[in-house]
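Colleague: Going line by line, the protein sequences match chains X and U.
Note that my numbering has the first sequence beginning at 29, numbered continuously upward.
Note that my numbering has the second sequence beginning at 53, numbered continuously upward.
These are calculated hints, taken from the structure and not from any lab test.
Errors might be hidden in some of the hints.
Keeping only pairs whose Cα atoms sit at most 30 Å apart, straight-line, the calculated DSS-like set for lysine-lysine is [to be verified]: (1) X:233 / U:294; (2) U:131 / X:175; (3) X:233 / U:135; (4) U:131 / X:232; (5) U:248 / U:260; (6) U:296 / X:266; (7) U:294 / U:248; (8) U:294 / X:31; (9) X:232 / U:248; (10) U:135 / U:248; (11) X:266 / X:182; (12) U:248 / X:233; (13) X:232 / U:321; (14) X:233 / X:31; (15) X:233 / U:131; (16) X:325 / U:131.
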Amino acid sequence: MSKPDLSVNIAGIALRNPVMTASGTFGYGEEFSEYVDLEAIGAIITKGLSIRPKAGNPTPRIQETTGGMLNAIGLQNVGIDAFIEQKVPFLRTVSTPVIVNFFGNTVEEYAELAERLDRIPEVAGLEINISCPNVKHGGIVFGTDPKAAYSVVKAVREATIKPVIVKLSPNVTDIVEMAWACADAEADALSLINTLTGMAIDLKKRRPVLANVTGGLSGPAVKPVALRMVWQVARAVKVPVIGIGGIMSGTDALEFMLAGASAVQVGTANFLDPAAAQRIATEMEKYLEENGIADVKELIGALEV
Amino acid sequence: MQFRSTIISNQEVSPGYFRMRLTAPPELSGASPGQFIMVRVRDAIDPLLRRPFGIFDVGTIESEFPGLGSATYFEILYKVVGKGTEALSDYHHGDHVDVIAPLGAGFDLGDPAEEKILVGGGVGIAPLYYLARSLVQRSRVRFFLGGRTRDDILCVTEFERLGVETYVATDDGTLGDRGLVTDVMERHIREDGRPKTLYACGPMPMLKAVADIARRTATPCQVSLEAYMACGMGACLGCVVKGKDHSEEAPDYRCVCKDGPVFSFDQLKWV
Numbered sequence: 029m030s031k032p033d034l035s036v037n038i039a040g041i042a043l044r045n046p047v048m049t050a051s052g053t054f055g056y057g058e059e060f061s062e063y064v065d066l067e068a069i070g071a072i073i074t075k076g077l078s079i080r081p082k083a084g085n086p087t088p089r090i091q092e093t094t095g096g097m098l099n100a101i102g103l104q105n106v107g108i109d110a111f112i113e114q115k116v117p118f119l120r121t122v123s124t125p126v127i128v129n130f131f132g133n134t135v136e137e138y139a140e141l142a143e144r145l146d147r148i149p150e151v152a153g154l155e156i157n158i159s160c161p162n163v164k165h166g167g168i169v170f171g172t173d174p175k176a177a178y179s180v181v182k183a184v185r186e187a188t189i190k191p192v193i194v195k196l197s198p199n200v201t202d203i204v205e206m207a208w209a210c211a212d213a214e215a216d217a218l219s220l221i222n223t224l225t226g227m228a229i230d231l232k233k234r235r236p237v238l239a240n241v242t243g244g245l246s247g248p249a250v251k252p253v254a255l256r257m258v259w260q261v262a263r264a265v266k267v268p269v270i271g272i273g274g275i276m277s278g279t280d281a282l283e284f285m286l287a288g289a290s291a292v293q294v295g296t297a298n299f300l301d302p303a304a305a306q307r308i309a310t311e312m313e314k315y316l317e318e319n320g321i322a323d324v325k326e327l328i329g330a331l332e333v
Numbered sequence: 053m054q055f056r057s058t059i060i061s062n063q064e065v066s067p068g069y070f071r072m073r074l075t076a077p078p079e080l081s082g083a084s085p086g087q088f089i090m091v092r093v094r095d096a097i098d099p100l101l102r103r104p105f106g107i108f109d110v111g112t113i114e115s116e117f118p119g120l121g122s123a124t125y126f127e128i129l130y131k132v133v134g135k136g137t138e139a140l141s142d143y144h145h146g147d148h149v150d151v152i153a154p155l156g157a158g159f160d161l162g163d164p165a166e167e168k169i170l171v172g173g174g175v176g177i178a179p180l181y182y183l184a185r186s187l188v189q190r191s192r193v194r195f196f197l198g199g200r201t202r203d204d205i206l207c208v209t210e211f212e213r214l215g216v217e218t219y220v221a222t223d224d225g226t227l228g229d230r231g232l233v234t235d236v237m238e239r240h241i242r243e244d245g246r247p248k249t250l251y252a253c254g255p256m257p258m259l260k261a262v263a264d265i266a267r268r269t270a271t272p273c274q275v276s277l278e279a280y281m282a283c284g285m286g287a288c289l290g291c292v293v294k295g296k297d298h299s300e301e302a303p304d305y306r307c308v309c310k311d312g313p314v315f316s317f318d319q320l321k322w323v
C-alpha cells in the first residue's frame, strides 16, 4: 500500500498533516527548532500577539495539576513591531504555514492588527483569540458574549483576505451559540477549546498558588471536555473545526477527527515533549497504514453515534 | 539535545537529599557550569511536566570492559520535595529517564587573577560544584555553604577535595557557625580589599542578601536562579523574573530558562 494521505486543507491553508502547534506553547517556532523538524508538522501557530508589547501577569504563573497544568501568563508578548522585526525573518525560512494568533482590547484593535498581519506575506492565516480567560479587560467579554464575538470577527473579516480562524473559549454555557455567531460573521474555521478556567490552592499558605488567583487548565485532564465540545460544534456548523485539548498522541488526535475536527492543535504536550507535534503526525500515519485507511480525511466526523 | 539516559547510581547523601549519576552523550562534556537539564521523570501524565535540575558535575568514566573506551556521565543533586523528585528517588541503577540538556546560560568564569567567592544554600549548591571544579584550576576559590540544620549541608568533602576553602553556617548551629551564611561570607570578604567575584545559588532570601552585599561592596556577582517552569526553552513564559528596567509600560521580563538561569545581579530587579 502507498503511504496514506495525511494532508488536509483548512480554509484554504494546505497542511501536509493535520497537526498544528497551539498558540502559546511553541513560542515562535524557533525555540523548538533544535528538537523538532518544523517541516514535519502541519502548521505553526505563534504566541498571541497584541499591538503593543504586553508585560503579562506577576508570578507564579503556572502550576502543574493532576494530568494537566494551570497557566495565567497574562498574554505576555513582544508586540507586532518586534514580531515583524525579530520573529518573521526566521519563520520565512520554514515552508510550514504560519498562523498568527492575536488579540486586542477593543474591536478597533482587533481590526488594526488584522490589517497589519494581512500585509505580512509569511503569515498564512490568522487565529483570533477571543477566549483568553486571564486578563481583566482582555478577550473574555468577546469570548463569552455571542454579539461581541460577532462584531470582532466581522471587523477582522473585513480587515483581511487571509483565512480567519476563531479560537473559542470553553468557559460558556453554550459553545454552539458562540460557534454560530462566529460562523455568521464569516469566520473560515473555528478552533476549540482554549483553556478551562481553574484554580489551585496552597493549603499550607492558605493562598491561591497562582498570583492571578485563577488560571487556564490545559493538558490531558481537559480532553474529554474538549472532545464533547468539538463534537457539538462540528455537527452544528459548516466551517471546519480544529480540535484542541490535551492531545498527547496520535490516538488522541484521531479521536478528535472522528468527533468532527478537520485538524488538531497540540499544546501542553510540546512542553514535556518538544517533538510532540511531529511524533503525533507519525503516529497518525502509522495508524492509517495499519488499518488500511488511505486518507485521513475519511475519518473526519466519522464517529458512529 | 534530547536523549534517553540510563541511571548509573542514585544515592541518598543526607536525609531527603539524593545525588544521581546518569549516562549522557559525549557532547554533554561541553556543558558550561550553571547550565541545567530537564528530566521527564516518568513516561506518563502524572507528573506531567519535566523537572529542571542544575548540573552538579559532568565527567567521563573508563569502561570496566577493556577496549570499550570511555563514557560520559553527569550528576544532579536534588531534594525530595514533591511528586517528581519522589519518583526520581525511587529509581535504581539501570532505570531510564528522558533528558533535555544542556539548557540555559551558565556562569562567566571571569578573570583568573581575581578570587572567586561561592555562596550556596541547601540544594542550591548543585551548580556550584561543577563551577568550583572549573574555577579552582585558575583561581583561588572560597565556598560558603549554608542551611537550616546540619542535614541540609551537603557535599562539603567533595568541595574540600577540589582544594576549595569551605566555610559552613547553619541557622541552628548544628554544623559550622550559627547564623546566616551571607553574614559569615561578608565578614570574610571584608577582611581584605582584593578584587573578587561572587557566585551564588540558593533560596531567594539568600540571593537577595548576596545581591545586597554585592551592591554595598561594589563586587561583581552572578546569581543562579531556580524557578518553576514547564518547558525550559523559552516558550511557556512561566519562569520569568523582572529585569532591571521592568515596568508595566515597558515590560522587561527575563526567562530564567533561556536568559538565565545565571544572571549578573545588576541585571535583575530585586524588589
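Colleague: For each hint given before, does the structure comply? Return the numbers of the non-compliant ones in rising order.
Modeller: 2, 6, 8, 9, 10, 12, 14 and 16
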